[in-house]
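Residue numbers (our numbering), protein chains in the order written: chain F, 850 to 1049; chain L, 3 to 103.
Calculated from the structure, these hints are not laboratory results.
Certain hints may be false.
What the hints assert, rightly or not - Among chain F residues calculated to face chain L with C-beta under 7 Å, some are:
| id | residue |
| --- | --- |
| 1 | Arg953 |
| 2 | Ala956 |
| 3 | Gly960 |
| 4 | Asp991 |
| 5 | Gln994 |
| 6 | Arg995 |
Said to hold, decoys possible - Pairs of lysine to any residue, SDA-like flavour, derived with a Cα cap of 20 Å:
| id | chain 1 | residue 1 | chain 2 | residue 2 |
| --- | --- | --- | --- | --- |
| 7 | F | Lys861 | L | Gly7 |
| 8 | F | Lys861 | F | Ile906 |
| 9 | F | Lys861 | L | Ser8 |
| 10 | F | Lys861 | F | Asp909 |
Stated by the list, open to error - Derived list of chain F stretches under chain L, where covered just means 3 residues or more per stretch with a C-beta under 8 Å from a C-beta of chain L:
| id | stretch |
| --- | --- |
| 11 | 885-895 |
| 12 | 904-916 |
| 13 | 920-926 |
For glycine and all other residues, C-beta sits at the position ideal for the given N, C-alpha and C.
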Amino acid sequence: MEPTYLLAAIAKPDLITFAAAALMVIGGAFGVIASRNPVHSALSLVLTMFGIAVLFIEQDAQFLAAVQVIVYAGAIVVLFLFVIMLLGVDRQEVFGRESLRAQRPLAAAAGVIALGEVLLLARTTWATGAHAANGPVGNSYDNVQRIAAEVFSTYLLPFEATAVLLVIAVLAAVYLARRVVTTNAEEEDSKMVEGKAVDR
Amino acid sequence: MSVPGSWYLILAAVLFSLGIIGVLVRRNVIVMFMCIEMMLNAVNLTFVTFARMLGDIAGQVLVFFVLVVAAAEVVVGLGIIVSIFRRRLGATADDLHILKG
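Based on the sequences and whatever the hints tell you, model everything.
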């Protein structure tokens, strides 16, 4: 189909929504890359996440859109901002000083080459012929039910594995972020191993 | 007729490439980490688009798992970054070139 006919065939609300969300996503991505201040990068990341959430709703993934806003924009970016503020690393990056010569132009070229590669691959036949044995996506009323039915039946074992993964992540975060007060940390660690609780 | 799925795939490819460029160009480890999150989001968008195009809910379920793994990854990654900064190293990846214990 010719592009002009295609543009006319797309419903106007869908087209406007897609264009606005795509602008949010791309603009936010440029903001993340180009901002000198990490706080501005984090705020641009929120813009990108919201654009992705809008595109999820546009494609009948209501549950994922809500989770995207809650988890990414609500939790992950706030965690980023918290770490930035906590560490006081919001000083601006010096773009001029480079330890690796010609690294930035080569990196930009590598990114453009990767984009061209993906688009070139998109022109070939996708290797996604057979459908899996799962149900359809559903509409805005039963999207959550369908996802839940799949997660708790077909994908039950991966679901339990993610529970284990989250517990491991919490333990790892607590261990990594603990404050070692004294200089002889190894000695305290050995005391911990022996079972004597050391108050840190 | 709604927006064709290939447009979403192209948008996801552009977002993924911007994430690659960000990881390669930036020096601040936290901003590099944000760019990795952007790449994850691009892949999520691809999954959801294929879920719609193929009429298969498994794509959305995979995005759900990717979200969980991304949350765990952010927690551990930021913990590592915090513990690095505790040792009074600099803010950029160039300052982390010595991986001695």
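Just to be careful: measuring from the Cβ of aspartate 991 (chain F) to every Cβ in chain L, is the smallest value less than 7 Å?
10 Å, violated
Are at least 3 residues of the stretch 885-895 of chain F within less than 8 Å of chain L when you compare beta carbons?
Three-residue rule met by the stretch 885-895 of chain F, so holds; n is 4.
Is it true that the CA of lysine 861 (chain F) sits at most 20 Å from the CA of serine 8 (chain L)?
18 Å, holds
Under a C-beta cut-off of less than 8 Å, do 3 or more residues of the stretch 920-926 of chain F approach chain L closely enough to confirm the stated coverage?
holds (count 4)
For the pair we were handed, lysine 861 (chain F) and glycine 7 (chain L), check the Cα-Cα distance against 20 Å.
16 Å, holds
Has the stretch 904-916 of chain F got at least three residues whose CB is nearer than 8 Å to a CB belonging to chain L?
This one holds; 9 residues, not fewer than the three required, reach chain L with a Cβ under 8 Å.
Against the 20 Å threshold, does the CA-CA distance of lysine 861 (chain F) and isoleucine 906 (chain F) hold or violate the hint?
Within the cut-off at roughly 16 Å; holds.
Quick check on glutamine 994 (chain F) please, does its C-beta sit within 7 Å of some C-beta on chain L?
10 Å, violated
Run the distance test for lysine 861 (chain F) versus aspartate 909 (chain F): straight-line Cα separation, threshold 20 Å.
17 Å, holds
Chain L contact restraint for glycine 960 (chain F) - C-beta distance below 7 Å:
At 3 Å from the nearest chain L Cβ, glycine 960 (chain F) passes the 7 Å test, so the hint holds.
Satisfaction of the alanine 956 (chain F) interface hint, Cβ to chain L closer than 7 Å:
3 Å, holds
Let's test the interface hint: is any C-beta of chain L closer than 7 Å to that of arginine 953 (chain F)?
At about 5 Å, which falls below the 7 Å cut-off, the nearest Cβ of chain L leaves the hint on arginine 953 (chain F) intact, so it holds.
When each numbered hint is compared with the structure, violations occur for hints 4, 5.
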